[in-house]
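Student: What follows is each chain in one-letter form.
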Amino acid sequence: MKFTKFDIYFGLLLAAASIIVPLLNPGEATIQLLTLAAIWAIFAVGFDFVFGSLGMVSFGHATFLGVGGYAVALATQKYGLPFYGGAVMAIAVGAAFALLFSFFALRVSGIFFALVTLALSQLIFILADSKLRGFTGGSDGISGVERPSFMGIDFYDPVAYYWFVLGVYALVMLVVISLRSSPFGRVIAAIRDNETRADQLGFNINRYKQITFVISGALSGLAGALLASLLMYMNPQMLHWTTSGDVIIMTLLGGSGTLWGATVGVIVFEFLKEWLSSWTEYWYGVLGVVFILVTIFFPRGIVGELEKAFATYQKNRRGGVQ
Amino acid sequence: MLLFLLAAGLTLIFGMLGVINFAHGAIYMLGAYVSFETGRRTGSFLMGALVATLVTAVVGAVVEKLTLRPLYDRPHFYQLILTFGLILVLGDAVRFFWGPGYQEVPIPQLWSGTVDMLGSTIPIYRLFVIGFGAFISIGLYLLLEKSTFGMLVRAASSDAEMVRILGLPVGTVRMAVFAIGCGLSGLAGAIAAPLFPIELGMATNTIIDCFIVVILGGLGNIRGAIAASMLIGMVRALGYVYMPGWVDIMTFVLLIGTLLTRPQGLFHRATRTA
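Chains as they are written, first to last, in my numbering: chain A, 1 to 322; chain B, 1 to 274.
With the rest of the complex left out, here is chain B:
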C-alpha cells in the first residue's frame, strides 16, 4: 500500500500533466525527513505527517511554477531530464539540513502493538498503513472522477487549449495537480518513516520501484497503479518466503515481461471499459 501511495502521486502527475517526475523519490525522501524533524520537535507523529504533506505539496507547487511551466511545449524528455536535475538539488538540500547519516522515527504509540490474525502476528502499524492507503485511494478516485475539480483536471489534461479558451486557469490546475502528487509522495514518506531507516539513498532507490508499479499499471492509470502495487507486493512477499535474494530480479522480470507483451500496462483494458 505504501507503494501505491507513492505510485499514485507519480501516475497522477503523468496522467494529468504528461510529465514523468524523476524527482518523485526525492520528494518522498524529503517527506520522510520533514516528518522526522517535526516529530522530533513536537513529539507527534500525526503532526509530522501533516507537515510533511504540506511542505512537499508547497515544494511541488513552487517547482511546477518555476521549472516545469516553461517546458510544457517542449518534447517530453526535457521534463524528464529537468526532474533529474531536481533530484540532485533536493538530495543535497536534505544532506545540507540533516547530514548524510541514518535517521529513525519511532512507531507511533497509538499503533505500536501487534495483533494475531489468521495465525500470524501482524504489527498494528502495518494494518494502519494498509487501511490508510485504501482510504487515500478511494479519496483520490472520488476527487478525480466525481468532483468539479476532478472534471477540470481531466479536461485540462485532454485539451488544455480548449480549457484555456473557456477562461479557466489551466496553469493553476496543473500546479495543483503537481502539488497533490508531490504531497501524496511526501505523505508516503512520512508514513514510511517509522518502517524504514531514513537515508539519502531513498531518493534514487524508491523511484525505480515507483516506475515499476506505474509501468505495470499503465502510465497515468490510477486503478492500474492500485492493482500493480498489490501485485508487486504479493510477488515480493511470496518471493521473500520462497526465494529470498531473487526478489528484485523477479520484479524486473515481471516488468520486462509486461513491457514485451503489454506495453500499455497490465490493466490497460480495464480503463477502456470504464
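In isolation and in its complexed conformation, chain A is listed as follows:
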C-alpha cells in the first residue's frame, strides 16, 4: 500500500500524543489505561494485518493472544526462562498456532473461514479451561506473571512499563509498515482486491495467506505476552471467543485496512469503556449500540472517514489554486 500525507501527519500526531500525555503526570490509572491501549493496539494491528490487509475475518485471534500470554507465564514460572525468552516463546507459539489454524481454516473461505477459526479457538479455550488444568491452572489462571527488566530499569513502575510497551508498539508498527509497503504487502493487497486475478498472475495465494496469518499470529502472541505481564495475571478468558469479537469491534471502529485505524479504534474503545463504566455498569451494551451505529453509518471507521475528509479537503484546495 502507498502511504499518503494523511498517514504521515496522523502518525506524527499519535506519536506526539503518546509521548506528551505521560509527561503531564496524569496519574497511575491513566498510565495503566494507556499501556493497556498500546498492548491492545499491537494485538489489533496484528489482527488487522489479516482482516484489513487480506480481507479475511478471523474469529480466532483470541487464541493467539491467549497462547502468547500462557507461553510467557509458563516459560517464566515453570521453566525459569527470563522474560525476553518468554516473549520470544510467546511470538513463536502465537505463530505456531496460527500455522496450525491455517491448515484447517485456509481450506475454506469467506464466512466459513470465520466459523472455522471460531470453532478452533473455542476448542483451544475448552482445552485450556478444563482439560489442561494442571498445566494452565484452569479457570483460576496463573498469577504473578513477571515483568521484564532492562538495564536496571524497574518495569514494575507503571510509567517505565508504559515506555517499554510504547517502544515495542513502535517496533511493531515499523515492521507492519515495511511489510505492507514491500512487494509482499502488494501481493496481499492484490489478493484482497481480486483473488482470482492474483491467482491467475501466478501467485501462490494460499502460501501468501498462510504467511500473513502466521505473522498476524506472531504479533498477537507478542501482545498476549505483554498483556499477561501488564496484568501480572493470566486466565483462560483471554482465549474466549468474545475476545476475538472485541478486537474486531476495535478495528472496525477505528477503520480496518487503514494504517492507524486499529490503533485509534483501540484507544477510542478503551477510553469509551473507561468513561462509560463510570456512568453505568451497562457500558458493554452502550458500546454495542455505538458499534452497531458505526457499522451501519461509518463502515470506514473513524480513521477511514477522516482520511476521506482529508482527501476532499486537499482536492478542494488544489482546485482553488489552479
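Check before you lean on any hint, since a few could be wrong.
Covered stretches of chain B, as calculated for chain A (at least 3 residues, CB under 8 Å) [as the list claims (entries may be wrong)]: (1) 171-182; (2) 209-216.
Only part of the chain A face toward chain B is listed, based on derived beta-carbon distances under 10 Å [to be verified]: (3) Ser130; (4) Trp241; (5) Leu287.
Calculated from the structure, these hints are not laboratory results. C-beta atoms are modelled at their ideal positions from N, C-alpha and C, and glycine is treated no differently.
Once you've looked at the hints, dock chain B against the given chain A.
Tutor: Leaving out everything else, chain B in the frame of chain A:
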C-alpha cells in the same frame, strides 16, 4: 431436539437471507428469560412459551428492519460483525432487567413425571421436547416447501432483484424470515428453561453449539440441521456414558474433521437430489 430447534432458526436465517446471526444465542437467552418472567407472573408454562416466541420474533423483526436492512449489499462479514454487536446489547439489556444471577423455571406440572421405557427412566418433559421438536421440524418443512409463503421466501433468497421487479415485498419477506428464525430461537429458550438454569452465559455458549450443528448439517440446509443435531446429540450421549470430560473435545474433532473433508456439510448431497 433442542439443538435442532435452535439450529433450525439459525440455518433458516442463513439459508434464506445469507446472514450468519451471531446474536442467535442471545435471542435464545432472551426467550428463556421472557418465559421465566411470564411464567412467574401468570403461572403458566404455555403462556410463557407463547410470549417468549412472540417477543423474540418482534425483537427479530425490529432488529432486521433497523440494523440488517442497510447492510444486505455489503460483504457478509459486516452482518456477522453487526450481530456480534447485538449480543452485547441484548446481553446487557437482559442483565438490566433480570440481574446477573441464575434463574430457574420449574418443570410444568403436566409433564413432570417420568416413564419407564426400554428399561430406563425418562422424564416426560424430555419426551415432550423431542415430540415438539419433531412437530416443529415438520411444520417448518411444510411452511418452506409447500406453502405460497415458502415459495416466496425461496424465490427471494435465490433472486431478490427479480422478486422485487415482480412487485413483491422482498423487504417484508426478509423481515418475516428473520422474525421466524428469532421466534424459533426464543421458543427453544422457553422450552430449555425448565431443563437448565437460566444465566447470561447462555448467549455466548449456545451459539457455538448452534454453529457446530449448522456447519455439520451444511449452512442453510434444514434437513441437514435435523440430522446433524441428532448426530451431535448421539455423540454427546455416548460420550457422557463412555468418556465424560471428553465430550466437548469430541464434538469439535467431529466438526473439524467435517470441515476438512466435506466443507459443505455432511448432508450436502442429500439436498442436491431433493
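Student: Now look at each hint and say whether the structure bears it out.
Tutor: Results for each hint:
1. 171-182: violated (count 0)
2. 209-216: n = 3 at 8 Å, threshold three: holds.
3. Ser130: holds (8 Å)
4. Trp241: holds (7 Å)
5. Leu287: Given a least distance of 6 Å, the restraint on Leu287 of chain A holds.
This entry does not satisfy hint 1, going by the numbered hints stated previously; all others are met.
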